[in-house]
Amino acid sequence: MSLLIDAWTVLAVFSGVFFFLAGTVGLLRFPDALTRLHALTKADNLGLGLIVFGLLPQAVDVWMALKLIVIWLLVLIAGAVVSQRVARVARAQESGQ
Amino acid sequence: MMAGLVLDGLLALLVLAVAAWTIGVCQTFAATVGFTVYGLLLAVVWMRLAAPDAALTEAAIGALTGVLLLRAAIQLAPSEAGLNRLRPALKLRLLAGTLAFAITATLAAVVFHLPEPAPTLVPQVTAQQASTGLGNAVTAVLLAFRAIDTLLEAVVLIFALVAVWSLAPDAAWGGIPGAQIKGGSGDVRAYLSRLLPPVGIVIAFYIFWVGADFPGGKFQAGTLLAAMGLLATMAGLIQPPPVASRGLRWALVLGTLVFLALGLAGMPLAGAFLAYPEGWAKPLILLIEAASMLSIGVTLGLLVIGYPAGQAEQ
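If you read the sequences in order, they're chains S and A. For the first sequence, this note's numbering assigns the number 1 to the initial residue and increments by one for each residue that follows. For the second sequence, this note's numbering assigns the number 98 to the initial residue and increments by one for each residue that follows.
Source of the hints: derived by calculation from the structure; they are not laboratory data. These numbers were taken from a predicted model, which means no experiment stands behind them. Accuracy of the hints is not assured; some may be wrong.
Going by beta-carbon spacing under 10 Å, a handful of chain A positions derived as facing chain S [as the list claims (entries may be wrong)]:
no., residue
1, V285
2, R286
3, Y288
4, L289
5, L292
6, V296
7, G297
8, I298
9, I300
Even glycine gets a Cβ: it sits at the ideal position worked out from N, Cα and C.
Whenever a hint applies, use it, and build me the whole structure from the sequences.
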């Protein structure tokens, strides 16, 4: 049973890391601010979600698991708000030029 | 073991690379971003060294100084292109390089000649920790064994705020600090600053409370409280009180006053300044931490908000 759980953790965390990697490649390769933000937020939200999902069965108690989920939700909110602000500035600069 | 070593090696290389880049890059803005990343990496380094208290403080302070430095960098941006063109003479650069190298070499020599094993106070702390009733050795050191340092650090923060406020023009003195922000209620900032503070305040009190027995404490909690206040201020939902406000002044010095009062009370009750009576250490320390958390939060928030600039310039 514990082997199965460990296998799940490794699989989910590696998938999460893959999304982070993809997001970083997108950040470096995509042509403008809006597409870069798209790559970054999609990848980070899903990537971190998978990592948290993978770590959940390893949590020592329910509180630890809840804290992990709260961390993921807080990063989701922060990412969404910050990218909205950055996108707003980027669009204002584009229309100004 | 091997994987840990590889991870630590990569981390050390990354920290050095970001540090070198931060110094080498010409634009202040880029250097500021580099410095913020450097602070976050240092937090990871502290975690690898099994010092979560230092990591939490580094992350909290890094975020705060990052905001302050970014704002300074934005103000400097228009004038710095001209300054960058004025390259100092070769002799001066050689001299600066030699000096920097000498300092680094001396530091390296000192580090390599540290006595082995390094002198440590850990056994004394472990032996005496039970007398404080605290489970977190870092909190025990900060608020019992080296309380005088912590007291003076809190005073330094207030001095820093006085220095920031002293930049205010005479006409604006006593007014509301910072720029007046008109926020629309449909703005995403307003949404965030309604959604996040309830969560942030609960987490701040949680970090303060577990600080007695686990990593955490008043400083990290105070930074979170400051961040929540700043969110609402930057969205235009609340306004900081005028710097002449008496309530604000009391909030600023409350932590230091409680610390000093209990420290002085220790002289008749426990026989020394900043000593706690037998069995009372933990509740008194929690009281000091609670008051300090409020004061640190208000001070840090006001440090970011800035000085009263008056209505005319807004």
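- Hold the hint about L289 (chain A) up to the distance rule: shortest CB distance to chain S must be less than 10 Å. holds, 5 Å
- Taking 10 Å as the limit, does the beta-carbon of V285 (chain A) come near enough to a beta-carbon in chain S? Cβ of V285 (chain A) sits 5 Å from chain S, so the hint holds.
- Was the hint right that V296 (chain A) lines chain S, CB cutoff 10 Å? At 7 Å from the nearest chain S Cβ, V296 (chain A) passes the 10 Å test, so the hint holds.
- Tell me if I300 (chain A) is really an interface residue toward chain S, meaning its C-beta lies closer than 10 Å to one of theirs. holds, 8 Å
- Query: With 10 Å as the cut and Cβ atoms as the points, is Y288 (chain A) at the interface with chain S?
  - Reply: At about 8 Å, which falls below the 10 Å cut-off, the nearest Cβ of chain S leaves the hint on Y288 (chain A) intact, so it holds.
- Grab the minimum C-beta distance from L292 (chain A) to chain S and call the hint holds if it beats 10 Å, violated otherwise. Holds. Min distance 7 Å.
- Are R286 (chain A) and chain S close enough, Cβ to Cβ, to be under 10 Å, as the hint says? Check passed: Cβ of R286 (chain A) comes within 7 Å of chain S, closer than 10 Å.
- Should the interface hint for I298 (chain A) be scored as holding, given a Cβ-Cβ cut-off of 10 Å against chain S? violated, 13 Å
- Item | Given hint G297 (chain A) near chain S, where the shortest CB pair must fall under 10 Å | holds, 9 Å
Of the numbered hints given earlier, the model fails hint 8 alone.
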